[in-house]
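Undergrad: The residues making up each chain are set out below.
There are 2 protein chains.
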Amino acid sequence: MSRHATCTRAWDLRQAIPSVSALPAHNADIAAAADWLVSRLTAAGLSKARKLPAPGDDTHPLVFGQWVGSGSDRPTVLVYGHYDVQPVDPLEEWDSPPFEAQLRGGYWWGRGVDDDKGGLLMALQAIEALLASSPSDSAPSLPVNVKVVLEGSEELLSPHLLAALREHAELLAADVALSADGRQVSENQSGVLLAMRGVVSMQLDVSTASTDFHSGMKGGSVPNANHVLSTLLAGLHDPATGKVAVEGFYDGTLPMSAQDRADAAAFPFDEDAEMRGSGLLGMHGVHGHSTIERRWYLPTLDVVGMVGGFTGDGIKTVIPRAASAKLSSRIVPGQTQEGVVQKIAEHIRRHTPPYANATVSRLGGGAPPWAAARASPATS
Amino acid sequence: MSRHATCTRAWDLRQAIPSVSALPAHNADIAAAADWLVSRLTAAGLSKARKLPAPGDDTHPLVFGQWVGSGSDRPTVLVYGHYDVQPVDPLEEWDSPPFEAQLRGGYWWGRGVDDDKGGLLMALQAIEALLASSPSDSAPSLPVNVKVVLEGSEELLSPHLLAALREHAELLAADVALSADGRQVSENQSGVLLAMRGVVSMQLDVSTASTDFHSGMKGGSVPNANHVLSTLLAGLHDPATGKVAVEGFYDGTLPMSAQDRADAAAFPFDEDAEMRGSGLLGMHGVHGHSTIERRWYLPTLDVVGMVGGFTGDGIKTVIPRAASAKLSSRIVPGQTQEGVVQKIAEHIRRHTPPYANATVSRLGGGAPPWAAARASPATS
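As you go down the protein sequences, you meet chains A and B in turn. Just so we're aligned: 71 in the working numbering is position 71 of the first sequence, and the numbers increase by one with no gaps anywhere. Take any residue in the second sequence, count from 1 to its spot, add 380: that is its number in the working numbering.
Hint data in this document are derived by calculation from the structure and do not stem from the laboratory. Since this is a predicted model, take the numbers as computed values, not measurements. Keep in mind that a hint or two might mislead.
[Stated by the list, open to error] In silico lysine-lysine, DSSO-like type, Cα no more than 30 Å apart, as pairs: (1) B/Lys-623 x A/Lys-316; (2) B/Lys-428 x A/Lys-316; (3) B/Lys-723 x B/Lys-623; (4) B/Lys-623 x A/Lys-243; (5) B/Lys-696 x A/Lys-48; (6) A/Lys-343 x B/Lys-696; (7) A/Lys-343 x A/Lys-243.
[Stated by the list, open to error] So, partial list: chain A residues that the calculated Cβ filter (under 7 Å) puts toward chain B: (8) Ser-201; (9) Ser-215; (10) Arg-276; (11) Ser-278; (12) Thr-300; (13) Asp-302; (14) Val-303; (15) Ile-315; (16) Val-341.
[Stated by the list, open to error] Here chain A is said to cover these stretches of chain B; the calculated rule only asks that three of the stretch's residues, wherever they fall, bring their Cβ under 8 Å from a Cβ of chain A: (17) 683-690; (18) 740-749.
Every residue gets a Cβ at the ideal spot worked out from N, C-alpha and C, and that includes glycine.
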């Protein structure tokens with residue numbers, strides 16, 4: 001089936017229903033999208049299609065359906081997707097109405113085309129097409145059993161998904177889980193993602209006094225929160241290696257194997273083209289690794305934001321009493337969100353000078369890392 | 381004369397005329413304040429009182445007056461002050477109308493009481509009182525000749541003062557210059573300021589790419605402008621000595637003399653009380669110097685502001701392409717504003733990694749340092 005035909009058939013869900021999970025005003029749209037999906041799963045040939053009760057206080061239901069006609073001796077594949085989308089503000093940045101599919105230059109544009117209404121419908125239509133292509137004198141069949149679970153809270157960082165998976169563990173039991181949320185490597189190359197780094201976020205707050213000071217009166221004699229913060233931030237990485245300098249940060253992580261190195265090297269990646277396209281003067285990361293190795297296998301610690309003192313036009317000769325930063329760490333198997341936060345907090349505690357306070361607090365959201373076995377029959 | 385009487389007599393200039401130099405809407409008030417001062421100087425017994433033509437495009441005139449009856453064999457003292465004030469916004473922060481003197485708890489409150497209408501009137505009233513206290517059978521007399529020059533653009537950083545002093549050099553010629561802008565050490569102790577650090581300000585801009593990046597997709601492999609900036613800022617000081625680490629920064633500055641050390645040690649200063657009052661956990665500066673030494677004799681480099689990436693509530697997993705900081709350097713005799721900017725720019729250039737751009741640009745305003753001879757007869 002051509003990409004255009006796929007998208008065209010799918011436009012009604014993908015575009016017309018504004019299933020914005022973050023805005024309570026759209027709760028009815030979320031419900032409508034879930035109902036539409038139940039019908040769509042049924043029409044595709046799946047059975048038991050229904051909404052699953054929303055866990056906890058989540059008002060956005062999961063949608064389930066299955067085809068298990070291959071029998072219990074065949075493996076079962078669980079397909080995941082999500083039908084909620086991000087808010088569309090600011091509207092003036094859109095070249096076409098966000099909830100109306102528009103074809104421009106061979107690509108479809110609209111909220112959710114890429115993430116994830118297009119993705120989940122491609123999986124659904126693949127199942128449908130395989131079932132429909134069964135010889136006319138035999139029952140519809142697939143080489144494996146299939147279960148589909150679609151959530152409505154992914155853009156809220158899936159706060160209830162884990163609880164829902166546990167609650168419906170028997171119904172959702174499968175040998176392989178496949179996420180339909182993602183994209184392929186390029187227009188001409190598909191791929192299967194076998195691992196993804198997790199993420200945990202933190203706030204770092206520094207204070208040195210109860211008031212700002214005038215740099216003429218007291219400059220050079222009182223601590224400056226900007227100096228303390230920038231020194232703490234600079235100390236998070238070792239310039240000699242490019243590695244995160246937090247003690248114990250890499251504990252439990254596995255070294256790259258020869259196969260990992262070979263996989264990264266074999267991946268088609270045009271570094272020069274990316275640099276040109278992004279205006280990058282150079283790549284940077286842990287020394288001794290390629291860009292792909294750094295992205296696939298190594299944990300990170302990024303200062304995603306920092307602010308302190310006067311940041312308007314011109315100058316104000318102020319010595320700030322407080323400054324803060326937001327940190328985001330991408331973590332890999334062997335690391336936990338809580339463990340990484342604890343290690344960073346301890347590192348900051350040990351490096352904060354006696355004339356300053358510094359606190360690290362974990363921010364909400366995030367995700368644990370995961371990795372699938374490369375040698376699984378499902379991926380070969 | 382009691383402080384209350386002094387302030388009460390002075391209230392009309394100090395409070396009633398809203399001579400805000402920064403706001404063109406107040407230009408007529410500036411002119412009214414200058415006219416009032418001419419009358420006031422005349423009434424005090426000074427001669428030749430008049431407005432001096434404003435230099436350049438400054439619309440705020442200087443006001444001049446003199447008493448030179450001591451004769452040419454006596455020294456001449458030039459008294460400086462300024463009659464303009466800062467804007468009063470935000471008005472809701474005031475407990476009384478800013479242009480109405482109000483006595484509360486033994487202190488006068490109002491815009492300009494402290495800076496500098498009160499200060500200049502105290503000097504003017506001292507001259508007036510001395511002239512008035514001459515014996516009734518002799519002509520009014522002072523032990524020295526006195527000239528007064530009052531400007532209306534100090535709160536604009538005196539952009540035209542130097543040109544004005546040069547233009548009227550003959551009229552303003554004096555042996556000693558005394559600024560009436562400042563305050564005394566404490567309620568019970570007066571003092572004469574013999575030196576003041578200058579100041580120069582800079583903007584430091586760092587960029588690494590033409591776009592921000594997603595930390596999940598590219599984290600650990602692309603440069604982060606926050607990392608570059610915080611490392612550059614941390615590198616401005618040597619943690620082993622507390623000194624500014626910019627090469628050549630201290631070139632030309634004089635070491636403290638034994639007399640300097642003795643002066644600083646003799647100055648009444650309650651460090652513990654200041655720390656308590658400001659919520660300071662500790663003092664910090666160049667090692668081996670007291671707080672007063674650091675404030676009086678040492679140049680500084682402060683990061684007065686810095687910002688980069690996402691600084692709102694929560695987290696955004698962005699790797700910022702740009703970050704910036706504002707630097708303010710207090711400089712001492714032997715240093716120049718331009719020289720310090722050049723040295724810092726060169727230091728940043730040498731320490732910027734190849735995957736980033738960093739530029740240092742000088743911001744407007746500022747002042748050169750000055751110091752008077754401690755052994756001058758005027759100060760003994």
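Undergrad: State for each hint whether it applies.
TA: Structure-based check of all given hints:
Taken as a hint, the B/Lys-623 and A/Lys-316 pair is honoured in the structure, with Cα atoms around 22 Å apart against an allowance of 30 Å. Proximity of B/Lys-428 to A/Lys-316 is assessed by CA-CA distance (about 39 Å); at most 30 Å being required, the pair is judged violated. A distance of roughly 15 Å separates the Cα atoms of B/Lys-723 and B/Lys-623; the hinted pair therefore holds under the 30 Å criterion. About 28 Å separates the Cα atoms of B/Lys-623 and A/Lys-243, which keeps this hinted pair within 30 Å; it holds.
For the hint pairing B/Lys-696 with A/Lys-48, the CA-to-CA distance comes to about 39 Å; that exceeds 30 Å, so the pair is violated. With a C-alpha separation of about 22 Å, the suggested pair A/Lys-343 and B/Lys-696 falls inside the 30 Å cut-off, and the hint holds. Proposed proximity of A/Lys-343 and A/Lys-243 is supported: the alpha carbons are some 15 Å apart, at most 30 Å. Given hint, A/Ser-201 at the interface with chain B, holds; its Cβ is 4 Å from that chain's nearest Cβ, closer than 7 Å.
Annotation: A/Ser-215 was flagged as interfacial toward chain B, and the flag holds, the nearest CB pair being 5 Å apart, inside 7 Å. This hint is violated: A/Arg-276 has a C-beta 10 Å from the nearest C-beta of chain B, more than the 7 Å allowed. Interface restraint check: A/Ser-278 against chain B, minimum CB-CB distance 5 Å, threshold 7 Å, status holds. Given hint, A/Thr-300 at the interface with chain B, holds; its Cβ is 4 Å from that chain's nearest Cβ, closer than 7 Å.
Of the supplied interface hints, the one on A/Asp-302 holds, with its beta-carbon coming within about 5 Å of a beta-carbon of chain B, less than 7 Å. Nearest Cβ of chain B to the Cβ of A/Val-303: about 4 Å, under the 7 Å cut. The hint holds. Evaluation of the A/Ile-315 hint against chain B yields a held restraint, the C-beta minimum of about 4 Å falling below 7 Å. About 13 Å separates the beta-carbon of A/Val-341 from the nearest beta-carbon of chain B, more than 7 Å, and the hint is not met.
Look at the stretch 683-690 of chain B against chain A: 8 of its residues bring a Cβ nearer than 8 Å to a Cβ of that chain, three or more, so the hint holds. Given as covered by chain A, the stretch 740-749 of chain B passes the check, having 3 residues with a CB less than 8 Å from a CB of that chain where 3 are the minimum.
Consistency note: the structure conflicts with the earlier hints numbered 2, 5, 10 and 16.
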